[in-house]
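Asks: Chain by chain, the residues:
Protein chains: 6
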Amino acid sequence: TPESAERTAVPGVATGLAVTGAGGDVLFIEATSMEGEPGLTLTGQLGDVMKESAHIALSYLRSHGRELGLDPNALAARRIHLHVPAGAVPKDGPSAGITMVTALASLASGRPVRSDIGMTGEVTLAGRVLPIGGVKQKLLAAHRAGLSDVIIPARNEPDLDDLPEEVRAGLRIHPLADVADVLRIALEPAAAEVPAAPHLAAV
Amino acid sequence: TPESAERTAVPGVATGLAVTGAGGDVLFIEATSMEGEPGLTLTGQLGDVMKESAHIALSYLRSHGRELGLDPNALAARRIHLHVPAGAVPKDGPSAGITMVTALASLASGRPVRSDIGMTGEVTLAGRVLPIGGVKQKLLAAHRAGLSDVIIPARNEPDLDDLPEEVRAGLRIHPLADVADVLRIALEPAAAEVPAAPHLAAV
Amino acid sequence: TPESAERTAVPGVATGLAVTGAGGDVLFIEATSMEGEPGLTLTGQLGDVMKESAHIALSYLRSHGRELGLDPNALAARRIHLHVPAGAVPKDGPSAGITMVTALASLASGRPVRSDIGMTGEVTLAGRVLPIGGVKQKLLAAHRAGLSDVIIPARNEPDLDDLPEEVRAGLRIHPLADVADVLRIALEPAAAEVPAAPHLAAV
Amino acid sequence: TPESAERTAVPGVATGLAVTGAGGDVLFIEATSMEGEPGLTLTGQLGDVMKESAHIALSYLRSHGRELGLDPNALAARRIHLHVPAGAVPKDGPSAGITMVTALASLASGRPVRSDIGMTGEVTLAGRVLPIGGVKQKLLAAHRAGLSDVIIPARNEPDLDDLPEEVRAGLRIHPLADVADVLRIALEPAAAEVPAAPHLAAV
Amino acid sequence: TPESAERTAVPGVATGLAVTGAGGDVLFIEATSMEGEPGLTLTGQLGDVMKESAHIALSYLRSHGRELGLDPNALAARRIHLHVPAGAVPKDGPSAGITMVTALASLASGRPVRSDIGMTGEVTLAGRVLPIGGVKQKLLAAHRAGLSDVIIPARNEPDLDDLPEEVRAGLRIHPLADVADVLRIALEPAAAEVPAAPHLAAV
Amino acid sequence: TPESAERTAVPGVATGLAVTGAGGDVLFIEATSMEGEPGLTLTGQLGDVMKESAHIALSYLRSHGRELGLDPNALAARRIHLHVPAGAVPKDGPSAGITMVTALASLASGRPVRSDIGMTGEVTLAGRVLPIGGVKQKLLAAHRAGLSDVIIPARNEPDLDDLPEEVRAGLRIHPLADVADVLRIALEPAAAEVPAAPHLAAV
Ligand SMILES: [Ca+2]
Ligand SMILES: [Ca+2]
Ligand SMILES: [Ca+2]
Ligand SMILES: [Ca+2]
Ligand SMILES: [Ca+2]
Ligand SMILES: [Ca+2]
Ligand SMILES: [Ca+2]
Ligand SMILES: [Ca+2]
Ligand SMILES: [Ca+2]
Ligand SMILES: [Ca+2]
Ligand SMILES: [Ca+2]
Ligand SMILES: [Ca+2]
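Residue numbers (this note's numbering), protein chains in the order written: chain A, 22 to 224; chain B, 22 to 224; chain C, 22 to 224; chain D, 22 to 224; chain E, 22 to 224; chain F, 22 to 224.
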């Protein structure tokens, strides 16, 4: 899928799945960090529940980072900014939880997220993946967007019965209960080398 | 009960009992800590009264920790995050108070909470256990979820008369007035050894 | 009275008197302190006026502590948490002012509050005791609860005419105008020795 | 007047004049200070305009303190708490401005406010005294309360025509335009010696 | 004009022009500074737009102070308080912008503002003077108040056609586009000597 | 265009395009910086979405500054103030995103923004340029204002079909997908020398 490939090319961006007024859709979670007062800046017109998801995702990684092999300072000592485009569309709900964990873990590790994988699922502070709604619409959207793999909560497996055979055949579906498994599947190995960006002062 | 066993396997998670629109239910209080500005992050769409319960629980443990044998720095010098899944369900009321004290004491001591025990009761800043409502529905839910032991406030003992004989026979019920007694019953001995978690960087 | 004896056994807890929908009632003000950012945490669903009372009580003690013989650091250098159970019942009004001063002075001095004494009265920043409403209902409640002594504002003395003779005969009533006199009457001498609490780690 | 004598006996308390639903009344502004984060705590159910008056009063004294002979650290390096009893009565308006300046200057200098003087007037940041309403009702209240002197804004002098001859003859009225003149008239010389307060620990 | 002469006698006070329910009026912007946490305290019941004007005025001076010859620490290292009397009258709108810049520059430089000059105009962060409304009413008020000079935005020059010939002849009108020009015209040379204020302690 | 030439003469000001009640219009984004607590002050009656755009713009530059050749301390260690005149007009929406990035990059680099170029486009935290609405009205406004170049989001190219031939011929239109390309086109080379500003103290 050209769009998610382009959007997830840098570490810190993960592909989520959402239910909108017009069926399901793909969305992107973008995370970046900078020097400054440690903490979390959230943008994208996020509702209360979705803001809490971001705090849960960050706390999970900060308290379990060491056992996940993440640099503890990458998330604790820097300012984190997490944004969900498009900026004028209000968004809410807990189902972007595992996507937020993935974007933040990608940022902290420098490992990009696989561009062919989408995901949906609530995350708890202890790292459990809880069921969400709209599985059918989300998987139709993932298929439409050309994704090859989709992660869903283990307890949503029964919802797969509603899926058209063609969609089910065209997607590798991963029903998972532990967010550590999500990270194992979704993150690419660390990039060997980052291509040099054009230097503004040199223009 | 498979679910509470899985959920309370790590220190910092305790099993509570709640009244919902559909009768009683089991809920989990998850607590974790991390380096950062000391204080309390609360998530799970908690109402005012429930947020105050969390502050009471933390203050009780911070001011009585030494006499309870807890490491004073475990709760005072770190950022605490307490979450109550599911993240989109609004929750309120004081009856999760002793469950919050238990989850935080488990976190601070490294001793897991017994997975076969559920509890309900308001806690005061001085550690008294005050009565709550919905005892019958909560104990039916505990029985349904396969728990063996339930802690209730001593002043709720008269409510046990309303309980079906079968449920009462199937549960060990502990009516308590002091939260120090709750901790004595609910916390397991410290784990001898924590199993190593898979290392993310090694995937 | 068994309940107030149990509740005020530790320093930092004082017995107040309130008017509720169902007549008068006894309430408890619990205060504790801990290391942390100096300041005041307030819980118990307190309204604006009652929260201001707590700040007035604390400021009075912090600016007059030395002349009252209190350790100046006990209230200035620690985080104070003041809670008024029951946690789900909204409370408001200025009449708990002197009870708050007493609970905080008890906390700061380590001297328990007498368990047989209840009190009601607004306090000013300069330590004056101002009149309040509901004297008759509050004194009936104090009598019902088995208290032997009650402190009321001096300017409320005329309200005692409305009291049944039996109640008036059964209570020692102290009409006071200065909160320093409240402390002189309400605080017990410092405890010679604190009984050791059970050690959690030893369970 | 016995009440204002008792209330203003300590430095930091000044007598103001207010218009209430039931005509004019005397009110007291109480100020105290303590170690802690510099700034202003305001209580007494003050409205927005009255809270702003307190900030104007403090800023005036902090930026003009040196030329007024005040210890610059007395107001800048300590926490200031300003309270206006009774605590449950909502209060608003700018006319307590000069009373607030007087209470704070009394606190900073240790010089008590004269107990026989009441005052009303808006203050500006540059120390001008601006006119206020309700002069007649306020002066009737001052007379009723037994005060001998009253300070009013110079631009309110024409309002004195409405005053009953008897009241006008019974009060020394000071129409002033500069708050420095208010302080010159209202503050007593510094007390030679503060009587020792009863020591709580010695009870 | 006696009033503005008296009000602007000290550095930090500038004369503005406003439209009120009763036509135009003169208002005063008072600024002062003190030791403390750097930042801006705003009083005078200012609305959102007017509060933003004050922040724009301060930021303009802080980022352009050096090129304007102002002591960089005068505004950056001290607490600034800006007040617009009368304190109970709500005020809003952007047209006090250049008056705020002038009051703050006067404060920072110690140079008083000319007492015979009034001004109106929105200011931008880059120091442009943008047009405002109510020019006719404001200039009538300036004339009535006995001011000799008035500064207006250059883009408001066409509004002068509506002015009565007599008013236009009686005022020197300065249409300006850059706030640096406003300061050049409005500030007096630095006072050679400040007259000693009466010393409070010596009273 | 005289106005945008005058407005964008100093680094930190960029020309945006907006849709208003009366068709399209040109607006200016002004940014400046000063010593002080790092962070972002926003003025101009900006709505929630537009405030978030400013935070996204700043975070993008702070986390990608090094690869863009910007001094990392220029935006991280200073207080940034971003203002959008006129100050009383409420503004909202994400389409000023790339204009905000350009103004801030101009401020950080000292390179002025080209005065003949206008722009519109949402920016994401990863630097993607997302489509916006009102392209036709905005380009008509740019043409009317005499601009020679306009930057639009690549995904808005289809909207150019609606443009009158004359307007399309009179504007160089740059459809872009990456905000780094926006900066390459919009920023002038660093000024060789800044003309000395008149020194206020010398007036
Ligand atoms: Ca909500
Ligand atoms: Ca979602
Ligand atoms: Ca509530
Ligand atoms: Ca509950
Ligand atoms: Ca209220
Ligand atoms: Ca009460
Ligand atoms: Ca008043
Ligand atoms: Ca108001
Ligand atoms: Ca507004
Ligand atoms: Ca105005
Ligand atoms: Ca909004
Ligand atoms: Ca726009």
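Just so you know, the hints here were simulated from the structure itself, not pulled from any lab data. Incorrect hints may have been included.
Since copy identity is lost for identical chains, a pair holds within one copy or between any two.
As the list claims (entries may be wrong) - DMTMM-like, lysine to aspartate or glutamate: derived pairs with alpha carbons at most 20 Å apart: (1) K72 x D113; (2) K157 x D182; (3) K112 x D69; (4) K157 x E186; (5) K157 x D113; (6) K112 x E88.
Asks: All the hints need checking, so say for each whether the structure fits it.
Replies: Verification of the hints:
1. K72 x D113: Both, since 8 Å and 19 Å are each at most 20 Å.
2. K157 x D182: within (9 Å within a copy, 37 Å between copies)
3. K112 x D69: both (9 Å within a copy, 14 Å between copies)
4. K157 x E186: This pair counts as within: shortest intra-copy Cα distance 12 Å, inter-copy 44 Å.
5. K157 x D113: within (19 Å within a copy, 32 Å between copies)
6. K112 x E88: neither (32 Å within a copy, 32 Å between copies)
In the structure shown, a violation is registered for the earlier hint numbered 6 alone.
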